[in-house]
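2 protein chains.
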Amino acid sequence: MTTDVLEAWGAEGQAPDMTLATCVTPDDVRRALDVLRNVAIRTPSIESAWLSEHVGARVFLKCENLQRVGAFKFRGAYHAMSRLSEAERKRGVLTYSSGNHAQAVAHAAALLGTRAVILMPENAPRVKLDRTTSFLESAPEGSRVQTYDPVSVSREELGRALASDEGMTIVPPYDHPHVIAGQGTSALELIEDVGDLDRLYVCVGGGGLLSGSAVIAKDLCDAVSVIGAEPALADDGARSFRDRVLRTVSNPATIADGARTPYLGRHTFPLILAHVDGFVTVSEDELKATMQIAFERLRLVIEPSGVLGLAAMLQDAGAGRLSPGAKVGVVVSGGNVDLDAVPSLLG
Amino acid sequence: MTTDVLEAWGAEGQAPDMTLATCVTPDDVRRALDVLRNVAIRTPSIESAWLSEHVGARVFLKCENLQRVGAFKFRGAYHAMSRLSEAERKRGVLTYSSGNHAQAVAHAAALLGTRAVILMPENAPRVKLDRTTSFLESAPEGSRVQTYDPVSVSREELGRALASDEGMTIVPPYDHPHVIAGQGTSALELIEDVGDLDRLYVCVGGGGLLSGSAVIAKDLCDAVSVIGAEPALADDGARSFRDRVLRTVSNPATIADGARTPYLGRHTFPLILAHVDGFVTVSEDELKATMQIAFERLRLVIEPSGVLGLAAMLQDAGAGRLSPGAKVGVVVSGGNVDLDAVPSLLG
Numbered sequence: 561m562t563t564d565v566l567e568a569w570g571a572e573g574q575a576p577d578m579t580l581a582t583c584v585t586p587d588d589v590r591r592a593l594d595v596l597r598n599v600a601i602r603t604p605s606i607e608s609a610w611l612s613e614h615v616g617a618r619v620f621l622k623c624e625n626l627q628r629v630g631a632f633k634f635r636g637a638y639h640a641m642s643r644l645s646e647a648e649r650k651r652g653v654l655t656y657s658s659g660n661h662a663q664a665v666a667h668a669a670a671l672l673g674t675r676a677v678i679l680m681p682e683n684a685p686r687v688k689l690d691r692t693t694s695f696l697e698s699a700p701e702g703s704r705v706q707t708y709d710p711v712s713v714s715r716e717e718l719g720r721a722l723a724s725d726e727g728m729t730i731v732p733p734y735d736h737p738h739v740i741a742g743q744g745t746s747a748l749e750l751i752e753d754v755g756d757l758d759r760l761y762v763c764v765g766g767g768g769l770l771s772g773s774a775v776i777a778k779d780l781c782d783a784v785s786v787i788g789a790e791p792a793l794a795d796d797g798a799r800s801f802r803d804r805v806l807r808t809v810s811n812p813a814t815i816a817d818g819a820r821t822p823y824l825g826r827h828t829f830p831l832i833l834a835h836v837d838g839f840v841t842v843s844e845d846e847l848k849a850t851m852q853i854a855f856e857r858l859r860l861v862i863e864p865s866g867v868l869g870l871a872a873m874l875q876d877a878g879a880g881r882l883s884p885g886a887k888v889g890v891v892v893s894g895g896n897v898d899l900d901a902v903p904s905l906l907g
Numbered sequence: 561m562t563t564d565v566l567e568a569w570g571a572e573g574q575a576p577d578m579t580l581a582t583c584v585t586p587d588d589v590r591r592a593l594d595v596l597r598n599v600a601i602r603t604p605s606i607e608s609a610w611l612s613e614h615v616g617a618r619v620f621l622k623c624e625n626l627q628r629v630g631a632f633k634f635r636g637a638y639h640a641m642s643r644l645s646e647a648e649r650k651r652g653v654l655t656y657s658s659g660n661h662a663q664a665v666a667h668a669a670a671l672l673g674t675r676a677v678i679l680m681p682e683n684a685p686r687v688k689l690d691r692t693t694s695f696l697e698s699a700p701e702g703s704r705v706q707t708y709d710p711v712s713v714s715r716e717e718l719g720r721a722l723a724s725d726e727g728m729t730i731v732p733p734y735d736h737p738h739v740i741a742g743q744g745t746s747a748l749e750l751i752e753d754v755g756d757l758d759r760l761y762v763c764v765g766g767g768g769l770l771s772g773s774a775v776i777a778k779d780l781c782d783a784v785s786v787i788g789a790e791p792a793l794a795d796d797g798a799r800s801f802r803d804r805v806l807r808t809v810s811n812p813a814t815i816a817d818g819a820r821t822p823y824l825g826r827h828t829f830p831l832i833l834a835h836v837d838g839f840v841t842v843s844e845d846e847l848k849a850t851m852q853i854a855f856e857r858l859r860l861v862i863e864p865s866g867v868l869g870l871a872a873m874l875q876d877a878g879a880g881r882l883s884p885g886a887k888v889g890v891v892v893s894g895g896n897v898d899l900d901a902v903p904s905l906l907g
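Residue numbers (this note's numbering), protein chains in the order written: chain A, 561 to 907; chain B, 561 to 907.
Watch out, some of these pointers could steer you wrong.
What the hints assert, rightly or not - Here are some of the chain B residues that sit facing chain A, going by a computed Cβ distance under 8 Å: (1) L580; (2) C583; (3) G630; (4) I853; (5) L860; (6) G895.
Worth flagging that the hints you see were computed from the coordinates, not collected in a lab. A virtual CB, placed ideally from N, CA and C, is assigned to each residue, including glycine.
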């Protein structure tokens, strides 16, 4: 892994490097699953009778909210870290995240015996700080959560400086082939479990889950349409896909915090252009209504970013864009909802 | 099925009829599963890495909150109704329940094309009335929810009068061998999926789920302990088990509404005496804390009655009564939580 991923990437209007559209292959995803078997939870692929009858299709939910750390992020982080050389692992890893990727790296560090430094904004939710710290208690000495003032400090600059000082490898949250291959394993398990799909809905932040899922789904299924699901308030992915050049957003006000990522990655964008069939954007009201459906009808706790794919599927079904009887997969993740936030999120 | 189940049963201190301890056999449970395959959801048996590490055992949750109608009750109701003769089915079924059994009978009626009349107290939660009514919309003509004033009317008397007038068969919520055999299928699936268990925790109201689960678990596992889990405020089952005569409660004030049943059944009590190893009672605070753990750590929505088994397991683990590394099954069900009730239940 390199620390320069972000340096030459991220400008509005930038063209994708389509030579990277083969940087993750279906076999890469299969090999990642070999690594993750017996480590990651093989999460269930659940059919809700109510949901299938409600939309007139057969819908299978791949419940990554039931994954370790409550999110698919564990797959990419663990896989990427397991691919480091012994020397790299000894020197340790660094990442920056206020979300589920921080917990994923911390948990993987403990399991792999790798030192990890996690940069988190000092105003990150207490529960996320606490859980990340708690995972690191079982990781090697020198592991720590380091908080910073997000107003005055650039996390990328701080991260690069620290990683360079301490010889650590940066594990980016999405923009690396090993991370992407790891994220693709949930779609691989889903298709192994339920068979060929007609359509697959996947949430999009930086596009790691979407690109990995699309690579493997297109390989395994005869005629699957892979759909990225984004908040309308953070539709940089949908616009990038439509315009075939990078579109960006800045601090979008969506409740789907996992989808606030400013742009698709240097690797994820070309993979998405090569393998994804379309995007659906959903309103904040649709997100809230879908969380409520998840809670009341599916009995699953899913955070706002995690219901994006489900919200997109429901929108398509409501608009008659879902073929009757179609076999549909939806990746749901993650499941980290603060109890305090329940009334405002669901009420 | 008969309508006289309740007539000769229910007195404090009454002795069990132990000739009924063989009224449900392991093969009855296996045959019930043959009926339920492709009808009931084969709910997932989930291991939470966090939970297993937290208690130092391998814990598998059988997620009946993800079953049709959000509860194991569907299994027993559908199985019992599928065992009726064609003539009985034509005349229809009747039940009384303010809880998940009402929805289960209504849903099974729609699937089987059987007329159903469901007596519900007029003060039942709106969401339960609405859902039961909604299922009955797909059931044959004459199906209806009939509300009654629970203060002035005995639901048993009203039910027997109506059933007799209209020639309907009563489908009791737990105290019938066909219902019990159906409820046992979830433990059968769990053991099929994860193998031999050392211990199995099951929630107790009238004892249908516990007795069915115990019958099949004792048959399949080498040395499993089957534990019933009850609220301390509604510990009639635990006391009946201890004293080997029927103990009763009256309108206990537990939040676990599914466990407010006044006494074990004429059939479930002897089955429990013959096959169950012990009871654990849990406080209301333990129930609330366990619901919170389910929400935050397991990402599952489980109602108070549904977390009884999990709360009992956590109590045993905390008290050092769980062998390190033991393989533990917990049936969790149901998942019908009113959003409005979330703050008071979880807060």
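Here is what the structure says about each hint:
no., hint, result
1, L580, "33 Å, violated"
2, C583, "30 Å, violated"
3, G630, "6 Å, holds"
4, I853, "11 Å, violated"
5, L860, "7 Å, holds"
6, G895, "3 Å, holds"
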